[in-house]
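Below are the chains, spelled out letter by letter.
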Amino acid sequence: MKREDIIKPENKVYSRPRLLDGNVMHYCPGCSHGVVHKLVAEVIDELGLEADAIGIAPVGCAVFAYNYIDCDWVEAAHGRAPALATAVSRLHPEKVVFTYQGDGDLAAIGSAETIHACTRGENIVIIMINNGIYGMTGGQMSPCTLEGAKTATTPYGRRADLNGFPLRVGNVVSLLDGTCYVTRQAVHTPAAVRKAKAALKKAFLNARAKKGTSFVEVVATCSSGWKMSPEKSNKWMAENMFAHYPLGDLKDTTVEKPAE
Amino acid sequence: MAKIQGAVTIERERCKGCDLCVVACPCGVLALQPKEVNDRGYHFAYPANEEACIGCAACALVCPDACIEVYKVIEK
Numbered sequence: 001m002k003r004e005d006i007i008k009p010e011n012k013v014y015s016r017p018r019l020l021d022g023n024v025m026h027y028c029p030g031c032s033h034g035v036v037h038k039l040v041a042e043v044i045d046e047l048g049l050e051a052d053a054i055g056i057a058p059v060g061c062a063v064f065a066y067n068y069i070d071c072d073w074v075e076a077a078h079g080r081a082p083a084l085a086t087a088v089s090r091l092h093p094e095k096v097v098f099t100y101q102g103d104g105d106l107a108a109i110g111s112a113e114t115i116h117a118c119t120r121g122e123n124i125v126i127i128m129i130n131n132g133i134y135g136m137t138g139g140q141m142s143p144c145t146l147e148g149a150k151t152a153t154t155p156y157g158r159r160a161d162l163n164g165f166p167l168r169v170g171n172v173v174s175l176l177d178g179t180c181y182v183t184r185q186a187v188h189t190p191a192a193v194r195k196a197k198a199a200l201k202k203a204f205l206n207a208r209a210k211k212g213t214s215f216v217e218v219v220a221t222c223s224s225g226w227k228m229s230p231e232k233s234n235k236w237m238a239e240n241m242f243a244h245y246p247l248g249d250l251k252d253t254t255v256e257k258p259a260e
Numbered sequence: 001m002a003k004i005q006g007a008v009t010i011e012r013e014r015c016k017g018c019d020l021c022v023v024a025c026p027c028g029v030l031a032l033q034p035k036e037v038n039d040r041g042y043h044f045a046y047p048a049n050e051e052a053c054i055g056c057a058a059c060a061l062v063c064p065d066a067c068i069e070v071y072k073v074i075e076k
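Residue numbers (the working numbering), protein chains in the order written: chain A, 1 to 260; chain B, 1 to 76.
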């Protein structure tokens with residue numbers, strides 16, 4: 001069969017998400033942000049939330065998220081996305097509000113906003129991209145940087161006695177009563193991408209059903225910040241990041257437990 | 001046995017040559033252009049061994065720039 005016979009609209013099994021704008025993303029080659037943007041666009045489209053989803057863009061690499069996903073967006077001050085999401089979701093209870101943040105934005109300057117939005121159980125989705133580095137500003141140490149990882153501000157590796165231990169934000173918010181669904185995913189293989197999409201879909205459904213705060217942490221790569229090729233970054237992440245940030249659901253109050 | 005044949009299209013100008021699709025492909029279909037570059041200067045991916053494609057969409061799933069579209073035909 002010739003290539004021309006296969007490439008026909010009726011044979012299409014995977015197409016570019018409809019809600020991704022035509023703009024070429026500014027992210028570095030191989031950046032996990034692109035994959036997560038794609039998944040968010042697919043989930044919003046599949047749930048029919050095109051007119052009802054309001055995203056809160058962070059400060060960091062994903063600051064231009066509003067240029068890429070075709071829904072309504074608000075740009076928050078650094079780390080304040082969950083606070084802004086609280087306001088938007090309370091003023092527009094019929095809308096589905098989500099924030100999209102990196103670990104420097106959410107876990108460092110925005111830790112208070114994150115924790116209190118989760119404690120209040122706001123009906124929002126918090127998407128956290130955890131790549132353990134401040135990618136946009138040149139690769140400084142973030143709260144989630146692994147011990148021993150070399151960054152611009154820890155050139156000899158992060159030391160627990162000097163810089164503290166890496167913060168597991170997912171585990172922290174899973175202890176708060178307001179969260180209904182806390183999960184940690186990755187997007188380094190096709191199987192992981194499918195799982196991450198299912199997790200995002202569940203989170204958006206929880207927000208629509210007003211079940212509480214859903215927190216989706218995506219362990220991601222920053223090949224520029226880590227100074228590796230995208231392929232090697234994925235390997236390094238699987239070998240090192242997953243040991244400290246194990247993947248899987250940390251909390252899910254939406255499924256009923258079987259009676260004992 | 002039904003034979004599955006797939007094909008991929010890659011938007012050349014959107015590709016950043018990150019190599020993730022090449023690694024994800026289970027059939028060794030894709031490769032990066034060894035010499036040619038796109039307008040942005042990246043060695044973009046292309047289907048070098050297109051007869052081997054089974055249309056599994058693994059490349060498209062991991063592509064961060066959403067530049068891959070996948071087609072599949074099942075011959076009976």
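Among the clues, some could well be false.
With the Cβ distance kept under 8 Å, some of the chain B side facing chain A (calculated, not the full set) [what the hints assert, rightly or not]:
hint	residue
1	GLN5
2	THR9
3	ILE10
4	ARG14
5	LYS16
6	GLU36
7	ALA48
8	ALA57
9	VAL70
Restricting the straight-line Cα-Cα distance to at most 30 Å, the calculated cross-link-like pairs of lysine-lysine (DSS-like) are [to be verified]:
hint	chain 1	residue 1	chain 2	residue 2
10	A	LYS150	A	LYS210
11	B	LYS35	A	LYS2
12	A	LYS12	B	LYS72
13	A	LYS232	A	LYS211
14	A	LYS211	A	LYS150
15	A	LYS251	B	LYS72
16	B	LYS35	A	LYS201
17	A	LYS195	B	LYS3
18	A	LYS235	B	LYS3
Here are some chain B residues the structure puts well away from chain A; computed CB gaps all over 10 Å [as the list claims (entries may be wrong)]:
hint	residue
19	GLY17
20	ALA24
21	LYS35
22	ASN49
23	LYS72
Think of the hints as simulated: they come from the structure by calculation, not from any bench. All C-beta atoms, glycine included, are put in the ideal place defined by N, C-alpha and C.
Once the shortest beta carbon distance from ILE10 of chain B to chain A is found, is it less than 8 Å? At about 11 Å, which exceeds the 8 Å cut-off, the nearest Cβ of chain A leaves the hint on ILE10 of chain B violated.
Could you grab the alpha-carbon distance between LYS12 of chain A and LYS72 of chain B and see if it respects the 30 Å cut-off? With a Cα-Cα distance of about 6 Å, the restraint between LYS12 of chain A and LYS72 of chain B holds, given a limit of 30 Å.
Closest C-beta approach of ALA48 of chain B to chain A relative to 8 Å, hint status: violated (13 Å)
Take a quick look at whether LYS35 of chain B and LYS201 of chain A sit within 30 Å of each other, Cα to Cα. At roughly 41 Å apart (the allowed maximum being 30 Å), LYS201 of chain A and LYS35 of chain B break the hint.
Is the Cβ of ASN49 of chain B more than 10 Å away from each Cβ in chain A? For ASN49 of chain B, whose nearest Cβ neighbour in chain A is about 12 Å away, the distance exceeds 10 Å, so it holds.
Is LYS35 of chain B close enough to LYS2 of chain A, meaning Cα to Cα at most 30 Å? The given pair, whose Cα atoms are some 26 Å apart, holds under the 30 Å limit.
Are LYS232 of chain A and LYS211 of chain A close enough, with their CA atoms no more than 30 Å apart? The hint is violated at about 39 Å.
Holds or violated: LYS211 of chain A and LYS150 of chain A, Cα atoms, limit 30 Å. Violated: LYS211 of chain A and LYS150 of chain A sit about 40 Å apart, past 30 Å.
Are the Cα atoms of LYS251 of chain A and LYS72 of chain B separated by 30 Å or less? violated (38 Å)
Does LYS16 of chain B meet its interface restraint, that is, does its C-beta lie within less than 8 Å of any C-beta in chain A? holds (4 Å)
Does LYS3 of chain B sit within 30 Å of LYS235 of chain A, going by the straight-line distance between their CA atoms? Roughly 33 Å between the alpha carbons, so the hint for LYS235 of chain A and LYS3 of chain B is violated.
Less than 8 Å between beta-carbons is the criterion; does ARG14 of chain B satisfy it with respect to chain A? holds (6 Å)
Hints 3, 6, 7, 10, 13, 14, 15, 16, 18, 19, 20 and 23 from the earlier list are contradicted by this structure; the remaining hints agree with it.
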